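> Here is how the chains run, residue by residue.
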Amino acid sequence: MKSKLRRYDTLIFFLFISPWIIGFSLFFLVPFGTSVFYAFTDARLPGAANYNFVGLSNFVDMFNNPIFSKSLGNTAYFVIIGVPIVTAGMLLLALLLNMNVKGIALYRTFYYLPTLVPIVATVIIWRLVFNSEFGILNAGLSVFGIGKIDWMGSEGLIKPVIILLQVWISGSGVLIFLAALKNVPKHLYEAVLIDGANKVQSFFRVTLPMISPSILFVVIIQTMYNFQMFTEALLLTKGGPNYAAYTFVYNIYKSAFTDLKFSMAMTQSIFLFALISLVTFVLMKLSKRFVYYEGEK
Amino acid sequence: MKTNRKWLLGLFTLVLSMTIIISGCGSSNNNGGSNTAANGGQSDNGSAEQTEKPAEPVTITYSQWGTAEELQRTQELLDKFMEANPSITVKLEGKDWGSYWDGLTANAAGGTLPDVFKTSYAFIEKYAELGIFKELDGPLADNGFDLNNIDPSLLGLHKYNGKQVSLPIDANVIVWYYDKAIFADPKKNPKNAPVPSLEPTWDEIIDIATKLTLDKNGKNPGEAGFDGNNIVQWGMSVSPGSSMDWFLEPELWSNGAKLVNDDGSLALNTPEARQVLDFFIDATKKKINTTPAQIEGLGGQVNLGITTGKVAMNPGGNWNTTNFKEAKVDYGITYLPKFKENKTVVQPAGIAISSNTKHEEAAYKLLAWLAGPEGQTELAKQGYSIPANKAASDAYIATAGEANKIFLDAQQFGIISPFTVKKTDLVWTYGEQSLKNPLAGDGDVDAAIKDLESKLK
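Chains A and B, in that order, are what the protein sequence lines are. Heads up: the first sequence begins at 1 in the working numbering, then just goes up one per residue. Heads up: the second sequence begins at 1 in the working numbering, then just goes up one per residue.
Keep in mind that the hints are not guaranteed to be accurate.
[Claimed, not checked] To give a feel for the contact side, a few chain A residues facing chain B, derived at Cβ under 8 Å: (1) 44; (2) 46; (3) 127; (4) 133; (5) 145; (6) 147; (7) 150; (8) 153; (9) 243; (10) 257; (11) 258; (12) 259; (13) 261; (14) 262.
[Said to hold, decoys possible] Covered stretches of chain B (in silico footprint by chain A; criterion: 3 or more residues with CB under 8 Å from a CB of chain A, positions within the stretch not fixed): (15) 125 to 139; (16) 286 to 298; (17) 380 to 392; (18) 437 to 444.
[Unchecked claim] If you want the ones that stay clear, here's a sample from chain B, every Cβ over 10 Å from chain A, calculated: (19) 146; (20) 193; (21) 224; (22) 267; (23) 325; (24) 398; (25) 448.
Calculated from the structure, these hints are not laboratory results. For clarity, every value in this text was computed on a predicted model and none was experimentally measured. For each residue, glycine too, the CB sits at the ideal point set by N, CA and C.
Looking at chain B on its own, in the form it has when it is part of the complex (with noise of 0.2 Å):
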């Protein structure tokens, strides 16, 4: 009887684990199974059947990186689409910027790819070396996409070894943000300082930050008895050493430096760059400009700065001004500040179908909606991204109005810079570790430069 019972409850043992084991493997092929049913229609069945039949339901995922806010409002894009597309489901991922490019990899390590997904300009060549892009050229010349409408610089940028693997659908611009609450108040701007002019010097800038940066007696750097360690707010906040892409690069172009050679290697031992470096250098050595430290008290992000009351200026994306209307910040809007010459970055985000995806056709118009007029324009109808598609011009200027014209005049200056490999890992892998602090005053910045130059070798 004992050993019957043993026997009974080592059977049930493995009975269970087995049992665990199949359910595992089987919900997966399930899903394959059902995946395949939905699909039989488009791929496996050909596409002679597709034309007679009316189109069966699929559901795709479309994933892009974003905050709530952002997410909500693609979400009501995507609705539209189902709208006009009532046999696609399209299921939203959404993550922020950090994450997301961290899923992507594991989602195509792990054959998990979503079937449509946003893209950056900074990782096409990247990404695209894995192989997770599919092949637009094709189903775009097949389905007669009209590209003209679509800067061909901005298509440039989402092409791989000549090929389109993502198309741009917003073009978003760096430009440079002032508080104006802290300009009108008397108290927070006692020597009474005007707001920065529409295409700014950094002399320009200096002279106004230096007039905002007040100690806890109200005093500015440069006058007697100014204490640096007790600044209460700042008159500008800039990391150069952490925002090399976006900021360092075009205010390295403005001096007529450059931030990569077009071998890839690092252009900065120039006397131009230097003097740009030095500039900002100097600047947070005068206590003009926020430190890293300070940077990270202030909420870690150098492009929300004014949000926080205590910065006067800073450098930030056309997409920042949802943060600033949450933060209820009255912010103004100008160029970068020069040195020499008016520059700015363009980073146009775009969108792409994965190379396994199952759903190849529902993919195909979601990102042909997505790119096209009917997406465009409803993108720019929302009035916080600019479109990549001209078609879409006019809808954005009516919605966003005067006032965020500027974003669009701001693309004139706009560095063409591809982002090869060597770049990415400048920007993201190496750059931020070994210059972020020489950039603030702290440390030896030939010494980063030299080190940097051995490690992109």
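Chain A extracted, bound-state conformation (with noise of 0.2 Å):
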């Protein structure tokens, strides 16, 4: 009799979640098994008919690439670099709109608007800021003497400016964070008051630790992310100036539609997958020493 209903418990389980691996079967694992194919072929198109199996050549190719080698480069200062300058930002954000002031609700809404402008507007409106001959921000800076700068036709100076684009528009995170921060109970901050703690030692000994589990989710969220930026590099400067802004995904997407490359296009997919796998798993190993879960003892 147990049996049976054990039986009967794990049919009503496969029936429950069948619509997920459903759509997960058809949307992701036939993709992805296709993608994998075409990755040890020379295929032009995904479904063409002519093709020849070439073995590891195109990861041999995409190694040689040196505009591949910029993109992973550009990749990994978005992800080096740009991650935590952007959690950091969230994270600041997030602490001076939990502050009691009046109109706190205002701000909120502020800050949070940007985040609802489709990310193609956001990028536009920034080109017209950034803009060194018209845009807002050297009229702005020329007002104290500042010369124009070209932020946008500059090597050195347009990855800086799609970090701040991330910040701009990191209205999630922030809503992730000041939900955190709402959570954290206030006898903690109490205790350590008592014990004599300043403001910056109730933050690094109360705050940081109990908002700890959503730093890591923002963190992963947002380096993968920034693994896979794509719209800011091709809408704001065309990936340039010279390959400065050249992300691994704008890469990929040239290989497939510009150079008619999927062969190409499947192996840096399959590449980047895996770098994202490598790097969240040790992301999720290293949270075990970082990350303080109150639930668990």
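Work from the hints to combine the two standalone chains into their complex.
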């Protein structure tokens, strides 16, 4: 009787989960498997009738391509430098928006608004703001006697501009941090206050550990996003100048849609998948040392 | 009871998910079914039945790039075609230039190519390698299409491995535009610079552009006290690094140089080529020409500079007259400025049939109509595109008038430089990244050329 019940429960479980399994198989496993297959061919298009198996030569070509190296370097920059800056920016904004001042709800709305604007529109607005000739940023800086800065035409500045843009649209992360901050029990602050801690100490000893699960979540999401950054690179400067904003996924797009080499694009996608998996795995492993879960002993 | 409910809910979920999947598959099957049915008389059941029965109604898709206005004009042409062929319904799918090619690639990958679509001579080889074109030699010969009315050089640009895969329909040409209002306004033209001659040299253009470039105090480049950081009007706007195929290349030819050698390698390291590059770098450094950032701020399209009222002259295609009319710019036209000889680029767009169309006969009819005398005459009557079919030349002149005759005349200066895959890579993949800034005086040209040479290998 017991085993019959268990079998019945298992059946129910699979029935309930079947929509997800079917969706996952159709929209992830099948395309993923197809990509892996084509990565070892010279197919120009997926579904092409004529292709040859080329072994690992796509992978060899990929690593020998200077533009690939450049795009990998740029993406590394956005992950290693960009993610900490954007996460810190979100946290700082969340702390400011967590203060008890008059009209705070209004500020929260204002800071969240850019997130509601579609990224394409945001990037176009930024192109206008950061234009060296007619942009309002340079116009504002000229008041202080600062000459025209070519924000988007300079190889050194384009990446910081993109990171700044990410902070601008970081409302969702701010919201997560804000919720986490609200959840920190008041009595902990009272306890450290009694122990003689100042504000900085209470931030590092209470706030940070208590919101560390949210930090981990935001860092992982932002890391994945920055690994896959595309829209900003495409719309701001088409990956330029001189490949300075040529991101990994932009390169995949160019391989597929400009070079018409889908097998190469799929090779790069698989490499990216492996890279993101590895980095996420490392982050999760490291998190055990830095993340504090209130519910765990 | 509780378990029953669980069962029911589970069953419901399963049925729901299966329904979604089956209906997803089913709809495509249905489409396929109806396509085949509509198509039945044409391909499945053989041609014998076709001739007996009146043509069954079919719907085909035609895809092209263009602005809203251009698409509207194409719709008018298609309406005329449908009037003449009541059994064929043509659905127009329009996109802008950039997304058109991405869309075509995605369609090719997904096996959902439009039946008939517009092509550019620049992409024939690249897309022919994917096998997306139906070879036209057979159907053209079978139906007695008169190819003698189309220039062999234009036909050649739409061939792949010696086979016709696309038919040219219009022959766009690049010329030099100027804003008459700026020349006529003493405030904007205080030195009274004359309008450029019909066949201007670059010396003449630089002289005019210098006089028409004004800082906020009305001073010109080279004058004492000229403030290069506060320019309010530019004499000219060119961007050789981001318009390599339609501006830099003819200018290189004009000076006896080339963009690419016959073997596909980069040809920018000759003294004649460097002279051209240095000329544009110098003009930009002297602030007579716009920088890439200034072009971006002026709307991002170098061929529309004069629509801003802040640029006196810029190169552009014959299709840009539409934009100028929309922007109410009173424009003048000359040939492209020359170093030694008059040169320009003729860019013949064409139409092709997809290799996997299920409505081959209807698709051919549309192609033959658009590229043949009837469609080309209708196109010419609209007065915007230059028909590739000579049978429509008179209609074009009659509609477009003498003012636009220059577009036909300019074609004699067209360079013959077919687009190979390597050249496409240079122009659209690597060139702009490496050369855009250096050719505007920002960065090392030698290093950029070396970098490009290595990438093109």
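> Look at each hint and say if it fits the structure.
Hints, one by one, checked against the model:
no.: 1; hint: 44; result: holds (5 Å)
no.: 2; hint: 46; result: holds (5 Å)
no.: 3; hint: 127; result: holds (7 Å)
no.: 4; hint: 133; result: holds (4 Å)
no.: 5; hint: 145; result: violated (12 Å)
no.: 6; hint: 147; result: holds (7 Å)
no.: 7; hint: 150; result: holds (6 Å)
no.: 8; hint: 153; result: holds (5 Å)
no.: 9; hint: 243; result: holds (5 Å)
no.: 10; hint: 257; result: holds (5 Å)
no.: 11; hint: 258; result: holds (6 Å)
no.: 12; hint: 259; result: holds (7 Å)
no.: 13; hint: 261; result: violated (11 Å)
no.: 14; hint: 262; result: holds (7 Å)
no.: 15; hint: 125 to 139; result: holds (count 5)
no.: 16; hint: 286 to 298; result: holds (count 7)
no.: 17; hint: 380 to 392; result: violated (count 0)
no.: 18; hint: 437 to 444; result: holds (count 3)
no.: 19; hint: 146; result: holds (34 Å)
no.: 20; hint: 193; result: holds (23 Å)
no.: 21; hint: 224; result: holds (21 Å)
no.: 22; hint: 267; result: holds (21 Å)
no.: 23; hint: 325; result: holds (25 Å)
no.: 24; hint: 398; result: holds (41 Å)
no.: 25; hint: 448; result: violated (8 Å)
In summary, the numbered hints that this structure violates are 5, 13, 17, 25.
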